[in-house]
Amino acid sequence: MMPTLQAVIGLEIHVQLSCATKMFCSCPNRPGDEPNRNTCPICLWLPGNLPRFSAEALEKATLACLALNCRIQKESAFDQKVYYYPDLPKGYQLSQFHRPLARNGWLDIVQEDETLQRIRIQKIHMEEDVARLVHEKEGKTTVSLVDFNRAGTPLVEIVTEPDLRTPADAMEFLRTLRMQLRYSQCSTCSMEQGTMRVDANVSVRPSGSNVLNAKVEIKNMNSIRHVGDAVAHEIRRQESLAMSKEPIVTHTRLWDPEARITSPMREKFEGPCVPDPSVPPIVISEKWLREMIRNMPEMPGLKAERYMNRHGLTREEALQMSAERNVSCYFESALDHQAPPRLAAQWIAAQLPPLLKDREETLENTPLDPQRFAGLLLMLEREEINANAAREVLRKLCESTASPAEIVVQCGCRQVSEADELEALVDRVILENASAVENFRQGASKALGFLMGRAMQASGGKANPRLLKELMTSKLKGDGQ
Amino acid sequence: MHSEIFAHVNQATCAAENHGRLFGKRVGVQSLFCVRGWPCTGGSKALEGFHPLEDATVIQRLKTEGAVLAGSTRSSELGLGIAGDGAAKAVSQGLVHAALMMDTLGEARVAAVKAGLFGFKPSWGRVSRFGLMGLAPSMECCGMLASNLDDIARMLETVAHIDERDPSMAADKPTGTSPALTRAGVFKELQDLLEPQERSAFSQAVSRLEQAGLTIREAQYKDLSLFAAVHQVIAAVEASSSCGKFDGVRFGHRASGGKNWNEMYLQTRRESFGPLMKAFLFQGAYFQFEDYAAFEQACRIRTRLVQGLAKLLENLDVLVLPALHAKREPASPRDIEELYRAFSLTLPASVAGLPAIALPGMVRCDGRDLGLQLVGSWGTDQGMLALAQRLTTLTQGAP
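Protein chains in written order, with our numbering: chain A, 1 to 481; chain B, 1001 to 1399.
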């Protein structure tokens, strides 16, 4: 009888830092531009040039380390990772192999059963990206072209401990990691656009065992979903090997998203890592680090706690409002203008996204500023307008600079809450819909909805629905007594 | 004309406009220094057709101070050794007043002494390496040759400036005006490195130094024989990395006929480097790929050697030793072993990054000038030049 097997998963994540320039020269950090536009003698590594380490790269890398709860090392240094390949103009890649920028980090993820698991991060190191190779046909011959725009763009590599056990956990870890990194604004972390690249190391072992078996590295996943799929596929492959008692050998496999399988790839010849003699060691002063920590934004985990404790949001609302920095900024700004917190959270989560999408706007550039948005929600809270009207006003707020109150007046959608006005309305509807009234009295509760709809229609959509319902119910029941 | 000396002759040697520190001085620069618009051949087919886009920082400094750049002098392959080097000849034949020459194993010092000139290697990190064809970044310095010390002092003042384009430069200020250097140490272990005739010639020179007013002390340093091995392992590894850029993709020689890029690489590199350079790169690659532990050990020993010399120099101003051996020919080594044996006396200053000057005419052995080499504390470059001037005046009786 085979014991049940457990998967052991570790991730290596390359993240491109959002810097203005490359890591060792002042070329623009825009790899997607016209090929070989963003190059200079340093990143082409013409003879006689020396690398000049960018201060911004260190800042952004440090943000990444802090966002992932790592310990920044007082001194770190660059090594030369030696291999010969046309994408590498120096014949080596500058990477912090022996002395990384940070060690011992962690991230908590919520597992499928909603329990928290702490995933340890072994280290984060800085490195430069390599050039991009393009293989094309020129007539009948294949030619290899090199685009050096990407050569020297700043990266950090994040290496986790093998703490993950399921594809779902791996995906949740990546989502959490992406959220943290985007929050610190060190990277856009887009797997689709290649600013976040993930390799997964997978092995299997009998449940309850502590051994680390031969691992297989899988590459070429360009979305978090693909990572989950590729890891799941690899676990199944290794399980069936284990079942048939075939050995698992350490190698690298490539994920094919079309065929949804992994296949072995040719290994790149990996050379040694030699300390680089030209880039001086990176020494971090306590003062500088304190300043960096002071400038860190409140991270989503703490924010969500605060939203629940101080503003009474549900966990789901709090997570929605805290997961992205621009959303939390908008939310907090609306609160600063006295918006009711839960209403604000619900409207930001449900009403704003489709509206912004229609208008091709973002929270940063929409003319709907948090102040007027808050004003609208306040009117809704005070029942000066109803939800239907509020949605209408919201749309109009985007098109003008008028205040919510002005728009409410303009479109005459102030809610009718005056008792006599509503009472007259209800009386009229009851009178005109005798059969529905009769049905209600026979116990058909659906009839109430019909009558309410009629009354709301008669008010031109302006009636206060809560008061209207109270009045309608009491009239119907009262008449019956 | 002079084609065995110059790789490129500057046709546009117009007089400088302003009167700088080097106004009117003709200077030769080794073809390992980038000069905008000149071919920079570096003695290697790997650099075939390479024209730098910018001046090296030292070249800019020379131009600013009014020097007349006469041309680029021929170099051994990528500056490893002095085979075929033209810098010293250019000075000794009076074609230039002074020359810049890379000093990695001691090339500038040794070439100078062989030609009866002064050769100086500054403290590592005092002169910008931006625009220099680097081979072993942690060992190499911009060396200087001239027939008098005044020209060397002017050259040093001109080029020794912090340059943000070379981040490996030392940030600490060098000691500009130190008190006169008077205490000289002579390694006890030198007797193991020198032949009997070399020893006696050197002792006579030391006696003359004593007569000239230097306090001579014996310095014990049992690690003296380790400098050569440490230099060789580390420099070879660094050279192997530095030469990774010579792949024929972006500049320099590219072999034709390769069926794919890998073949293109291999053929290009096969055709680009001479036998001595290939042997050196092979050694470096060996330590990188096959015996990294030995390289790490060499780095650890280097740290110890650097600290050891610094400790000796706490109670001494300079260490004194010859610059070359009587019977080892540095200009035509058959292999790396011979090369390193010929340079064994200049390697300590290179490994430790210390300033060193070689003075001609003071140590003669079997009709050959071994040169008197002074090695000082880091940053005492100017004080050492002043001491060298004093000694030259006192022992030779002429300014």
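No lab work stands behind these hints: they were computed from the structure.
Any given hint could be a false lead.
In silico DSS-like pairs for lysine-lysine, Cα to Cα no more than 27 Å straight-line [claimed, not checked]:
#, chain 1, residue 1, chain 2, residue 2
1, B, 1045, B, 1222
2, A, 396, A, 357
3, A, 462, A, 446
4, A, 462, A, 475
5, B, 1259, A, 140
6, B, 1045, A, 137
We went through each hint and held it up to the structure:
With a C-alpha separation of about 41 Å, the suggested pairing of residue 1045 of chain B with residue 1222 of chain B is violated against the 27 Å cut-off. Proposed proximity of residue 396 of chain A and residue 357 of chain A is supported: the alpha carbons are some 15 Å apart, at most 27 Å. A hinted pair counts as satisfied when its Cα atoms are at most 27 Å apart, and residue 462 of chain A with residue 446 of chain A qualifies at roughly 22 Å. Only pairs whose Cα atoms come within 27 Å are accepted, and residue 462 of chain A paired with residue 475 of chain A is accepted, the gap being roughly 20 Å.
With a C-alpha separation of about 14 Å, the suggested pair residue 1259 of chain B and residue 140 of chain A falls inside the 27 Å cut-off, and the hint holds. The straight-line distance between the Cα atoms of residue 1045 of chain B and residue 137 of chain A is roughly 31 Å, outside the 27 Å bound, and the hint therefore fails.
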